[in-house]
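Letter by letter, the chains look like this.
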Amino acid sequence: MVPVHWTTDFPLAKPPATKLLPVGAGRSYGDVCLLEDGTLIQTLGMDRLLHFDPQTGVLRCEAGLMLAQILDFAVPRGFFLPVTPGTKYVTVGGAIANDIHGKNHHIAGTFGRHVLRFELVRSDGSRFVCSPTENPDWFAATIGGMGLTGLITWAEVRLRPIVSRKINYQGDKFVGIDEFVALSKASTHVEYTVSWIDCVATGKNFARGIFMQGDHSTIPEPRPVSKEPKLMLPVDLPGFLLNKFSIGLFNTLYYNKQLGPRKTGLVDYEPFFYPLDSVLHWNRMYGKNGLLQFQCVIPWEADQTGITQILKAITASGLASFLAVIKVFGDVPSPGMMSFPAPGITLALDFPIRPEVSFDLLDRLARITLDHGGRMYAAKDARMTAEQFQAFYPQWQEFSRYIDPAFDSAFWRRVTTRG
Amino acid sequence: MLGATSAIAEATLRLLAIEGASFFLVARNAQKLAAVRDDLLTRGASSVTAHVMDLDDTVAHPAMLEGAAKTLGTIDLALLAHGVLGEQPDAEASYAAAETILKTNFLSAVSLITWLANYFESTKQGCLAVISSVAGDRGRKSNYVYGASKGGLNVFVDGVRNRIDRAGVHVLTIKPGFVATPMTAHIKPNPLFAQPAQVGRHILKAIEKRKDVAYVPPFWALIMLIIRSIPGRIFKKLNV
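So the sequences go chain by chain: A and B. Counting in the numbering used here, the first sequence tops out at residue 419, every number present. Counting in the numbering used here, the second sequence tops out at residue 1240, every number present.
Hints listed in this document are in silico derivations from the structure and should not be mistaken for laboratory results. Just so it is clear, CB atoms sit at the ideal spot from N, CA and C, and this is done for glycine as well. Any given hint could turn out to be false.
[Unchecked claim] Heads up, simulated DSS-like pairs for lysine-lysine below, C-alpha to C-alpha not over 27 Å straight-line:
hint : chain 1 : residue 1 : chain 2 : residue 2
1    : A       : 227       : B       : 1188
2    : B       : 1141      : B       : 1236
3    : B       : 1209      : A       : 227
4    : A       : 204       : A       : 380
5    : B       : 1209      : A       : 14
6    : A       : 173       : A       : 312
7    : A       : 244       : A       : 185
8    : A       : 204       : A       : 227
9    : B       : 1188      : A       : 19
10   : A       : 204       : A       : 288
11   : A       : 288       : A       : 185
12   : A       : 257       : A       : 173
13   : A       : 227       : A       : 244
14   : A       : 204       : A       : 244
15   : B       : 1188      : A       : 288
[What the hints assert, rightly or not] A few chain B residues facing chain A, derived, Cβ under 7 Å:
hint : residue
16   : 1031
17   : 1032
18   : 1039
19   : 1042
20   : 1044
21   : 1087
22   : 1182
23   : 1185
Please build the complete structure, drawing on both the sequences and the hints.
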């Protein structure tokens, strides 16, 4: 790992003999930010704010800046991230490289849509400013390009105005995919929508969940900087704590925590967007074996058979997951050549790793996704095969022409080497 | 701010920028200095003047410092943050390598502090804060040349404090332990490492509390107390 602290630190003064891969906060769940026998270019030291225009909301910053740092700067000034994932501990460079999405995808599209320009530095020392009009092909290849096209050193992002930290929240219980779809269709005008879904319950409780929606409050209020998280999991918990009984119990409690069918209120943006960030190192809950993520999108189908089959495969496996999220993606096009989101229903969840069963399950989920014309998300994947990846992203060969010859990743090796 | 592109300096400057401070920044690398300037202006600094120079050039110090005083009107706080870790094996092998470390860390600081002490003494106000190191507390085989440069600096600053404290000037010696910065990027991380942002907060607190000497983070005071207390006949056998 070689840290870069300045935009001028790359190309490295003494280039290593190995392949290179940029890594920001390292929050991707799979191996897009890993490289065996290689050198990771660690960008967290490039965390400067370079310019902010309060008239337009355009922020220019270095690519190692974390979204949490942008919020600390922007919220008191009356601005918010245009798109945010479920954790604020990711860097701007990582947000571009994975073309991340959030609860407002159906309105705002991906993060890349709000990136006006960035600088891309190649290992040969060439530097490009990329935007939809300057070097547009490099712009498209780098957004969602998994860090493979070169090092992003700075970027311009358009923030959105807010007057309050609060979100006007509404939670609605649902049972079954049809009810989930009906709620989604009825709330397309709401900026943020996402649902928690129970992946353990079967029978009459199959596919029950809570549909959560919210808009930024329009009542002006003081907007102090967020406090730093106080809770943390200091050690790995024993892996056996998470099983289908404990998770089934958790899910029942969580589902019934909201007593009535509908709950409304004003909530701070921190618990609304980043519930897990309040416990540092929450991943240790999964024990030392860790967790696997799975996220797919399935295009709209008349009876949603693809999503239903996936949920049935998960509940039947008994491989519990309580952090399961389902959402409707909108049809706002993604600017990246390799961007993940597409119109349809997306499901994201995690599993404790039990090699003998969880790998089989993931392979089954990938096959259902493929059969229904969907695709899986590279940033959350550790298991898809080369055949599957190349079917999900038939443009991969065109993309590979943009990869920096000195760059590589464990993910890219895995999905381009047919075994 | 002398050595404004040092990671500890930057972390401290960011906190002052939020309060709308005006800065005169000095560093060697123009591109890095411009990035620091842009960052501070974006965060809320009232004004930032960037001055590019090599602080080893002691002859140019008085003109630069006079320029700073003129630009700012008054200097309320001077923070010395420049320095090099150097390569201990080189410094053991050749005096020339040792001299480079001593010049940058000690002699150039002596030159700057001489001017600044006289300035603050005559204006009867202000804070002179000098970033030294825990390494200056006791010579160890792993980095005694760097340690000597900082140890010499500690004694010099102690003397300056004794002289100008009575004029109402706050003189602060800052002694950081391991800080995760470009200077220490080659050292294997250990639990004692602190982040620059945390160190910056401790430095501001030490300035506000008008401390004489501040170990940052403060637990280093205890560690160094133990290290200084080890009897010499034992210490000389240790690998520390």
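Against the structure, the hints come out as follows:
| no. | hint | in the structure |
| --- | --- | --- |
| 1 | 227(A) to 1188(B) | 30 Å, violated |
| 2 | 1141(B) to 1236(B) | 9 Å, holds |
| 3 | 1209(B) to 227(A) | 24 Å, holds |
| 4 | 204(A) to 380(A) | 31 Å, violated |
| 5 | 1209(B) to 14(A) | 44 Å, violated |
| 6 | 173(A) to 312(A) | 20 Å, holds |
| 7 | 244(A) to 185(A) | 32 Å, violated |
| 8 | 204(A) to 227(A) | 42 Å, violated |
| 9 | 1188(B) to 19(A) | 22 Å, holds |
| 10 | 204(A) to 288(A) | 35 Å, violated |
| 11 | 288(A) to 185(A) | 41 Å, violated |
| 12 | 257(A) to 173(A) | 11 Å, holds |
| 13 | 227(A) to 244(A) | 35 Å, violated |
| 14 | 204(A) to 244(A) | 18 Å, holds |
| 15 | 1188(B) to 288(A) | 23 Å, holds |
| 16 | 1031 | 5 Å, holds |
| 17 | 1032 | 5 Å, holds |
| 18 | 1039 | 4 Å, holds |
| 19 | 1042 | 4 Å, holds |
| 20 | 1044 | 9 Å, violated |
| 21 | 1087 | 15 Å, violated |
| 22 | 1182 | 5 Å, holds |
| 23 | 1185 | 5 Å, holds |
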